[in-house]
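Asks: Starting from the known structure of chain A, fit chain B onto it as the hints suggest.
2 protein chains.
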Amino acid sequence: MGIHVIAEFLGVNPEKISRVEKTREILDRVIAKSGLNAISSSFHQFEPHGVSAVYLLSESHLSVHTWPEHEYVALDIFTCGADEPALKAFELLVEEFQPKIIEKKIIRRDLYEKNRSSNTKGTCSL
Amino acid sequence: MGIHVIAEFLGVNPEKISRVEKTREILDRVIAKSGLNAISSSFHQFEPHGVSAVYLLSESHLSVHTWPEHEYVALDIFTCGADEPALKAFELLVEEFQPKIIEKKIIRRDLYEKNRSSNTKGTCSL
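Quick mapping for you: the protein sequence lines, in order, are chains A and B.
In this text, residue positions in the first sequence follow this note's numbering: the first is 1, and each later residue adds one.
In this text, residue positions in the second sequence follow this note's numbering: the first is 1001, and each later residue adds one.
With the rest of the complex left out, here is chain A:
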């Protein structure tokens, strides 16, 4: 039912990830281009720098936490439904943040499907 892209970026330009305004601009663009549907978004500015951003999606959520002092971004894209928008959002995040090092894991969140006896396809609250 669900795909969860868990990624870490290293070597990101701190100017892109220090202040909410700039990071939000980037993330809004990524969401718009990805095909994901944002319901709401919330942000927090850490001082002296660093951003947390979470987008509630009709497909689940996308979150970004930044540590500009380490040029580091931790991101999650968890979606139900088709995989493509989540994978597209990940590609767009790579293009935008241009990290020097990427670590990426993809986890399937399908416990309820594994535990069903029927063969009907899982639904997604969209």
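Calculated from the structure, these hints are not laboratory results.
Mixed in with the good hints, there may be bad ones.
[What the hints assert, rightly or not] Ranges of calculated distance between the beta carbons of each label pair, as one might list FRET restraints:
#, chain 1, residue 1, chain 2, residue 2, range
1, A, Val-94, B, Val-1094, 34 to 44 angstroms
2, A, Glu-47, B, Glu-1069, 19 to 29 angstroms
3, A, Glu-15, B, Ile-1101, 41 to 51 angstroms
4, A, Glu-95, B, Val-1094, 37 to 47 angstroms
5, A, Glu-113, B, Ile-1107, 19 to 29 angstroms
6, A, Pro-14, B, Arg-1108, 38 to 48 angstroms
7, A, Gly-11, B, Asn-1013, 44 to 54 angstroms
8, B, Pro-1014, A, Lys-100, 26 to 36 angstroms
9, A, Gln-45, B, Arg-1108, 20 to 30 angstroms
10, A, Lys-22, B, Pro-1014, 41 to 51 angstroms
11, A, Ser-40, B, Arg-1029, 21 to 31 angstroms
12, A, Asn-13, B, Gln-1098, 45 to 55 angstroms
Please read all numbers here as calculations on a predicted model, not as lab measurements.
Ideal Cβ placement from N, Cα and C applies to all residues, glycine included.
Replies: Chain B alone, transformed into the frame defined by chain A:
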């Protein structure tokens, strides 16, 4: 630097996870008891039932997505700093939701630490 508890619950009483009001009450209680620090929270009510909830924490985030029709909850607790509050929150979520089946993964989010040459301990934006 960070711990990420990724869990799925199956066999959860749908009454606890169908409407924002009830689920929020449970999650607010879990956050308060866990030692985690919520900065803000956002919720979405799916119709006819189902809840998405994301808490932005000073330690990162906690998210819950529910599919009451499958008695299913997907949850994430991602925190920087000490592991204990995240693990405590997970225990409290198990107590509250009383799932019949649990699948849990713990991921370390420590890419920047693995790529440093120094031995200094990672900082957390707290």
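Asks: Between Lys-22 of chain A and Pro-1014 of chain B, does the beta-carbon spacing fit 41 to 51 angstroms?
Replies: holds (42 angstroms)
Asks: How does the Cβ-Cβ distance of Asn-13 of chain A and Gln-1098 of chain B compare with 45 to 55 angstroms: does it lie in that range?
Replies: holds (46 angstroms)
Asks: For Glu-47 of chain A and Glu-1069 of chain B, compare the CB-CB distance with the range 19 to 29 angstroms and indicate the outcome.
Replies: violated (43 angstroms)
Asks: Please test the hint of 37 to 47 angstroms on the beta carbon pair from Glu-95 of chain A and Val-1094 of chain B.
Replies: holds (39 angstroms)
Asks: With 38 to 48 angstroms as the target window, see if Pro-14 of chain A and Arg-1108 of chain B comply at their CB atoms.
Replies: violated (23 angstroms)
Asks: Can the suggested window of 21 to 31 angstroms be confirmed for the beta-carbon pair Ser-40 of chain A and Arg-1029 of chain B?
Replies: holds (23 angstroms)
Asks: Within 41 to 51 angstroms or not, the Cβ separation of Glu-15 of chain A and Ile-1101 of chain B?
Replies: holds (46 angstroms)
Asks: For the hint 19 to 29 angstroms, verify it against the beta carbon of Glu-113 of chain A and that of Ile-1107 of chain B.
Replies: holds (21 angstroms)
Asks: Return holds or violated for the Cβ distance of Pro-1014 of chain B and Lys-100 of chain A against the range 26 to 36 angstroms.
Replies: Given a distance of about 46 angstroms, which is not inside 26 to 36 angstroms, the answer is violated.
Asks: Within 20 to 30 angstroms or not, the Cβ separation of Gln-45 of chain A and Arg-1108 of chain B?
Replies: Given about 26 angstroms between the Cβ atoms, the range holds.
Asks: Does the Cβ distance between Val-94 of chain A and Val-1094 of chain B fall inside 34 to 44 angstroms?
Replies: holds (36 angstroms)
Asks: Given the hint of 44 to 54 angstroms, is the C-beta distance from Gly-11 of chain A to Asn-1013 of chain B inside that range or not?
Replies: holds (46 angstroms)
Hints 2, 6, 8 from the list above are not met by this structure, while the remaining hints are.
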